[in-house]
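Residue numbers (the working numbering), protein chains in the order written: chain E, 1 to 360; chain H, 1 to 465.
Calculated from the structure, these hints are not laboratory results. Treat the hints with caution; some may be incorrect.
To be verified - Taking lysine to aspartate or glutamate pairs in the EDC-like style, the calculated list, with each CA pair at most 16 Å apart, reads: (1) H:K310 with H:D236; (2) E:K276 with E:D183; (3) H:K251 with E:E73; (4) H:K310 with H:D300; (5) E:K40 with H:E313; (6) H:K286 with H:E313.
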Amino acid sequence: MPYDDTDLTPKLAEAARQVEICNACRYCEGYCAVFPAMFKERAFGAGDLTQLANLCHNCRGCYYACQYTEPHEFALNLPAALAEARHETWERFAWPAAPARLFQRSGVALATALVFGIAALFWAAAALAPASGDGFYAVLAHGTMVAIFLPAFLLPLVAICIGLRRYWTEVGGQRITLAHLRDAGRSAATMRNLAGGQGQGCNFEDEDRFTNARRHAHQAVMWGFLLCFASTASGTVLHYVFDMPAPYGLFSLPKLLGVPGGLLLTIGTAALVRLKIKADPALGAPALWGAEMAFVLLLGLTGLTGLMLYAATGTTFVAPLLAIHLGAVLTFFLSTPYSKMAHGFYRMAALIRDAQVKRG
Amino acid sequence: MTSDTRYDVIVVGGGNAALCAAIEAAEAGCRVILLESAPRAYRGGNSRHTRNFRCMHDGPLSVLTDSYGEDEYFDDLMRVVKGKTDEHLARLCIRRSEDCLPWMEAHGVRFQPSLSGTLSLSRTNAFFLGGGKALVNAYYRTAEDLGVTVLYDAEVTHLHADGNTVTGVDVAHGGETTTLHGTSVVVASGGFQADLDWLARAWGPSARNFLIRGTPYNRGVVLRDMLDQGAESVGDPTQCHAVAIDGRAPKFDGGIVTRLDCVPFSVVVNRDGQRFYDEGEDVWPKRYAIWGRLVAAQPDQVGYAIIDSKSLELFMPSVFPPIKADTIEGLAQQLGLPGRQLRDTIDAFNAACPADPEQRFHPTELDGLATDGLDPPKTNWARPITEPPFYGYALRPGVTFTYLGLKVDDTARVRSAAGPYTNLWAAGEIMAGSILGQGYLAGFGMTIGTVFGRIAGQEAAAHAL
Ligand SMILES: Cc1cc2nc3c(=O)[nH]c(=O)nc-3n(C[C@H](O)[C@H](O)[C@H](O)COP(=O)(O)OP(=O)(O)OC[C@H]3O[C@@H](n4cnc5c(N)ncnc54)[C@H](O)[C@@H]3O)c2cc1C
Ligand code: SF4
Ligand code: SF4
């Protein structure tokens with residue numbers, strides 16, 4: 001029923017207020033997927049708003065183009081309203097909810113977790129020092145690594161799946177087909193929603209000037225991360241299937257994937273940090289700025305220490321670097337369902353849902 | 001105080017026309033200053049509220065489909081101005097619109113396909129991606145990159161003239177008034193619709209109840225100043241273009257979202273609960289402009305559109321939710337209307353509606369579903385208002401622009417009593433009355449501003465260099 005007040009949270013209600021103004025205006029239709037999705041509706045319930053909020057990539061095009069931003073009494077700031085709503089949905093869907101409230105809001109919490117993660121690895125290296133082994137395995141036995149990282153990988157994965165299920169139920173998602181995945185994959189791979197609708201990019205770097213800096217930086221981080229992940233996965237396969245344990249030479253699959261991946265991740269996160277400092281925090285969720293920054297730095301640290309570790313092969317730095325690197329990886333994995341990292345999963349879900357709606 | 005800096009071109013105003021002039025002059029190599037009376041956050045005048053411009057084209061061009069030739073464009077214009085135009089200037093403007101589109105793109109403007117709900121305009125009007133504020137932003141970027149000096153909070157209060165030459169421009173900025181000197185001057189400071197006193201003098205005291213759809217900064221200060229100094233005027237000084245908008249809109253700057261498209265599916269009554277005009281005379285895009293005047297002529301300058309739940313989703317969503325009630329009397333109470341009278345009006349209307357409306361009702365075309373024996377009649381879309389909940393919107397006149405302006409020739413040059421000014425040009429709303437004597441053609445305001453802004457900038461530069 002249009003215009004009936006559903007029981008929206010204050011943040012969703014604010015998003016609804018702004019979205020209803022946009023729906024009467026429509027000037028920003030061509031910027032991103034949010035507007036065409038919005039203009040299909042007349043009234044906005046929690047599920048609609050959750051979907052719109054997660055579809056928004058915070059490119060800010062619609063803020064600088066808007067004739068109703070403050071001091072106008074309509075006080076439009078759609079990127080901020082959707083960012084606030086988006087973060088709230090991640091906290092609401094997270095299982096369990098408490099760590100999400102912590103890691104999404106507090107950069108200090110993430111940094112503290114990192115210190116603990118690294119300390120844990122130093123302890124493991126000292127207390128569980130292997131009798132023999134090559135390369136890393138001279139510092140930490142393969143069995144010990146598996147014992148730490150298998151649960152640290154699988155448990156967060158379970159938590160993410162629970163969150164995504166809750167998301168899917170709230171937005172009314174249907175059965176997913178290959179075509180939906182293809183559409184969504186294409187949007188994510190090209191960061192279509194940071195392209196401004198016509199490839200001119202977004203308004204993150206210098207107010208209303210369009211640039212592709214954020215899109216490219218984010219691409220570097222995403223592909224860098226995926227390459228690093230593929231590198232680890234290929235190492236696992238080599239280890240178990242082909243009985244070829246680490247260390248690997250430069251022309252091995254893990255290194256061919258991992259070195260460029262680490263470089264992209266490091267450079268990309270550095271660029272994102274620079275952009276985040278330049279951009280106006282009031283067009284995002286200002287209270288979460290620190291936590292987001294901490295997450296980007298953690299990601300960058302993971303990439304950088306991975307590269308340093310490789311560079312240090314054969315030196316005495318391997319042991320401390322390995323502890324730092326694995327500590328960062330451990331913190332990253334464990335905090336994934338509750339940190340900014342969750343956005344990648346919800347974003348994919350939103351893109352898949354959008355593909356479903358578009359395909360009818 | 002006077003400023004020692006001498007500019008080649010001084011541009012007065014900060015909307016589309018001013019920016020086009022400033023960019024052209026700067027590209028020609030001039031030292032240009034642009035004086036915008038609004039603060040930076042509100043820069044761009046009414047141009048920041050626009051969504052498209054009307055463009056002639058031979059074949060598909062950018063986002064425009066098919067073709068739109070000079071004669072068809074001119075005929076469309078003649079239909080709305082009913083002969084009140086200067087054919088030479090109008091045709092010049094139409095012909096020049098074609099190469100404006102690529103020029104705009106080259107200077108940072110981006111276009112998007114016709115917005116959802118406006119498909120009928122995809123052939124004639126090119127929509128700005130992000131709307132007029134995005135266009136204005138792009139032009140400010142371009143102008144600044146070209147070295148144009150931009151002053152915000154800079155209201156021009158007076159142009160000094162010696163015979164038919166402008167010798168100085170007084171600008172109030174930062175608490176003091178400075179006289180700037182420029183070889184050429186372009187005025188592009190819009191109409192006077194934001195000066196309610198002037199509107200009230202021109203239209204009558206009821207104009208104080210009008211809402212102004214655009215910027216509060218277009219107060220016609222420069223227009224008044226030039227007319228007082230004997231510049232030739234054009235356009236009806238008493239008229240303004242007004243449409244019926246949501247009565248809850250802010251006094252200024254409500255812009256596009258406050259429009260209401262519900263009238264054809266409504267019964268519209270005045271403060272006393274009486275109908276006063278055929279709500280179904282024609283499709284809404286062809287009628288929305290007359291409803292501003294119709295409502296302006298009612299007591300307290302207010303009207304009320306009443307619909308029932310059948311019609312709620314037949315028009316573009318409104319920015320404010322409608323008032324809602326389960327009974328007509330309840331709705332009347334919430335809207336502050338006499339309940340008995342509204343009940344009688346609705347009953348009389350319902351009784352006059354055709355018996356089998358649902359099969360014949362067609363929201364997007366003239367369906368001929370007319371009342372029988374009602375005065376005034378409703379000649380299309382007459383379905384009884386019977387299904388609760390009932391919804392109501394207050395309507396008020398919203399002024400888009402005024403018609404009075406400076407008369408210009410085909411080089412955008414302003415005329416004084418003693419012949420053309422040697423160094424003064426005008427562009428945009430401030431001279432649009434030369435071409436748009438009455439009525440309005442969607443997207444033509446931005447076309448006039450772009451074409452004449454560019455001409456004024458080029459002419460001003462040629463004079464200065
Ligand atoms: C809600 C709305 C929607 C519209 N939609 C469209 C549309 O889609 N397409 C279309 O073609 N037209 C549209 N119009 C009409 C269009 O806005 C105008 O025709 C056009 O913007 C005029 O451009 P301009 O540059 O002459 O004036 P403006 O853009 O109004 O600029 C005038 C400038 O002068 C400044 N100024 C005023 N007085 C002074 C002074 N004394 N000193 C210094 N500066 C001063 C103002 O601050 C302002 O920046 C719309 C109008 C409104 C109100
Ligand atoms: S952000 Fe502003 S300009 Fe864009 S659609 Fe919404 S109200 Fe319109
Ligand atoms: S910030 Fe960008 S992605 Fe988000 S709604 Fe606005 S235009 Fe779309």
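Going down the list of hints, with the structure as the test:
1. Between H:K310 and H:D236 the alpha-carbon distance is near 42 Å, which puts this suggested pair outside the 16 Å criterion.
2. Between E:K276 and E:D183 the alpha-carbon distance is near 29 Å, which puts this suggested pair outside the 16 Å criterion.
3. A hinted pair counts as satisfied when its Cα atoms are at most 16 Å apart, and H:K251 with E:E73 qualifies at roughly 11 Å.
4. Proposed proximity of H:K310 and H:D300 is contradicted: the alpha carbons are some 30 Å apart, above 16 Å.
5. The straight-line distance between the Cα atoms of E:K40 and H:E313 is roughly 12 Å, inside the 16 Å bound, and the hint therefore holds.
6. Only pairs whose Cα atoms come within 16 Å are accepted, and H:K286 paired with H:E313 is rejected, the gap being roughly 20 Å.
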